[in-house]
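There are 2 protein chains.
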Amino acid sequence: MADHNTCPVLTPDSVRAAYSLISPYIHRTPVLRSKTLDRIASTPQEESAFKGTAFEGQKPATPIFRLYFKCENFQKIGAFKARGAFHALLRLCSELGIDEVRKRGVTTHSSGKQDNLLAWDKSNNSEGNHAQALALAAFTLNIPAHIVMPSISTKSKIAGTRAYNARVIFSGSTEPERVAIVGEVIKETGAILVPPYDHPDIILGQGTVGLELQTQVEDLLKDSDTENNPKGDSVLNAVITPLGGGGLLAGTATYFSTKPSTNVFGAEPSFEGGDDGRRGLAYGSRIPTVSTLTIADGLRTPVGEINWTLGGIFAVTEQQIKDAMKLLLERLKVFIEPSAAVPFAVILFDEDFRRIVMKEGGKGGWDVGVVLSGGNTTVEAVCRLYKES
Amino acid sequence: MADHNTCPVLTPDSVRAAYSLISPYIHRTPVLRSKTLDRIASTPQEESAFKGTAFEGQKPATPIFRLYFKCENFQKIGAFKARGAFHALLRLCSELGIDEVRKRGVTTHSSGKQDNLLAWDKSNNSEGNHAQALALAAFTLNIPAHIVMPSISTKSKIAGTRAYNARVIFSGSTEPERVAIVGEVIKETGAILVPPYDHPDIILGQGTVGLELQTQVEDLLKDSDTENNPKGDSVLNAVITPLGGGGLLAGTATYFSTKPSTNVFGAEPSFEGGDDGRRGLAYGSRIPTVSTLTIADGLRTPVGEINWTLGGIFAVTEQQIKDAMKLLLERLKVFIEPSAAVPFAVILFDEDFRRIVMKEGGKGGWDVGVVLSGGNTTVEAVCRLYKES
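Note that the protein sequences, when read in sequence, are chains A and S.
The numbers in full-length UniProt numbering rise by one with no breaks, and the one at position 288 of the first sequence is 288.
The numbers in full-length UniProt numbering rise by one with no breaks, and the one at position 282 of the second sequence is 282.
Chain A on its own, in the form it takes in the complex (with noise of 0.2 Å):
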């Protein structure tokens, strides 16, 4: 990966670039609205919702949502990841020179799952979204690539790894029997490790997403009357991105960190202690280990170095991630996994959230943006899903 010294500061500027080079590359996604989704959001919780919580016998909170869907599950590999990946190859592309990437080669590793539900260690479909996406952007710019997954992985996680003329390395089924096969390939190889979301170049690429959906919000509201845009103006007052290693939510946030009217949040599962994000800004100290199995298996990995201080996180329940994916899939009509649907969740369930945009937006309302941020699932996996309720 190229060196922390010499890669872009944070800044949206930044972003711009990075967008400059990955854009060739990527699928620039729809943005997708949806009036019923805005009333579900806009209504008030039902007061015995709040049973057993530090709202009992609280008057639920009355915000007004218009929301915005930025649906990267239609994003080449199924997911945002291809953003980071793209431009962390083209960054090194550039910096070491193209002969030089192609001789040496790139590596990550992957947990090789290809079911969310059938999870046989607790690693998570963020790496297996990285490691593919890594395997598209080096198979597209010609360059080899050496994904080290599990020897137990599924079939068709070989086979959709080697459709992109990957050189598969299989290893123990564990992270660390998984990170030791990788240090082997890279003495041998010399092959650059492109981490999964703790690293500048990552950070930039996956910022695009914010980028391209203030670009589109303003598109569609530029003609919009007064009933579809009672604000009169294009600002989106916050975007909600899922919340795993904080690759997405660091980029976004760099995206709109000179535009204080636009408030960034991140979003988590709470099951087992997935929460570390929030956890860890309580704590005043990032939380280096993660240990569960919530369903928004692609947020179990620990939030990163370099994005652990981001502000403004939220948690819901496994119940509340189900409940909002439900909607999202039938009134929506986007196929997506469970971690694609935590941000909705955190809007329709959160009671502190649920507040702030009704203090902040009043009767005006806020123009939300919600990440989408992958669709990389199956049918036989969200059946499960709905099975155990």
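These are calculated hints, taken from the structure and not from any lab test.
Among the clues, some could well be false.
No copy is singled out in the list; a pair is fine if it fits within one copy or between any two copies.
[Claimed, not checked] Calculated cross-link-like contacts (lysine-lysine; reagent style DSS-like; alpha-carbon spacing at most 25 Å):
no., residue 1, residue 2
1, K326, K155
2, K35, K231
3, K387, K326
4, K259, K187
5, K259, K359
6, K155, K35
7, K155, K322
8, K363, K231
9, K222, K259
10, K35, K222
11, K155, K51
Since this is a predicted model, take the numbers as computed values, not measurements.
Based on the hints, put chain S in the right spot on chain A.
This is chain S only, laid out in the frame that chain A set:
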């Protein structure tokens, strides 16, 4: 409904005029592409798939597809039907004056079903989608709507229709019972009947799908390199739509009628005689009644009188529809109803169709528009569908 004698003729210019009328009221739905689905569609079928068919022992066709999926599942009310309903009402208003239409109101009937696998009668969600589209259009234009639906309709369907301020009138559960009540409503209120498909105003409204698709493909291809656009033009070689009542297919064929390079095809389910369009063409006479419980419940309707002479109709089995739908869910990441998967099933599995594409497209292949007609189904219905297989 506007008198047939004063309706615009079925020409591309009339579709353009319809588009000018309705475009402030509808979504310009996105067009999605997937290299993975292009590759799967361009892979020859296994010879074993031909066992017991006319193709047994023959070499599978080797067509090359570049697919453009027009996502009408993201349309208002979740289906293309919003286009026809808005056009029908706007035309009525321009013909009779909006005051007269508001005085009389409009009416139609609905099967009242919510769930495509718990059909309690042989009606279909094509009507359900139309009734909801009419309720939305009437609500938007401030016209009273009287929707007749069976008293045993699902609560969510009744609530959904009432959410648009429509008056719900209950009837018995069979179609003749519903039609009888519609007659009473008309007698009592003077309401104007808006049929679901067999009327020029509906056909022209649905035809705007074809117009939008062609425009979007031109935008997508204008800066493409030879890898993505080997033909070097932006002509769609074919558009394939589901065929139920035939409004969508007829409208699309109308729009492309002066573009002989673009072939328009219809796709039907074959189960229990659902392929009435294909059979009618073969027999030389429209088949007026159909009684099928195909999973593609939007396509149970017999093709309408205006629409039935359309050519180029292909039919697929229930299993083929399920296989195509699973690929669209998992790879294209769109949530669709089974009816919407029927055209892609033809592309994947109809060897006659694949031979045409191989012969006409040759090494350059064909650019094919695929209309994903709607997404009105539920997680439960989808899970039941795949539990059976």
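Checklist entry - Among all the numbered hints in the text so far, which are the ones the structure does not match? => result Hints 4 and 11 not satisfied by this model.
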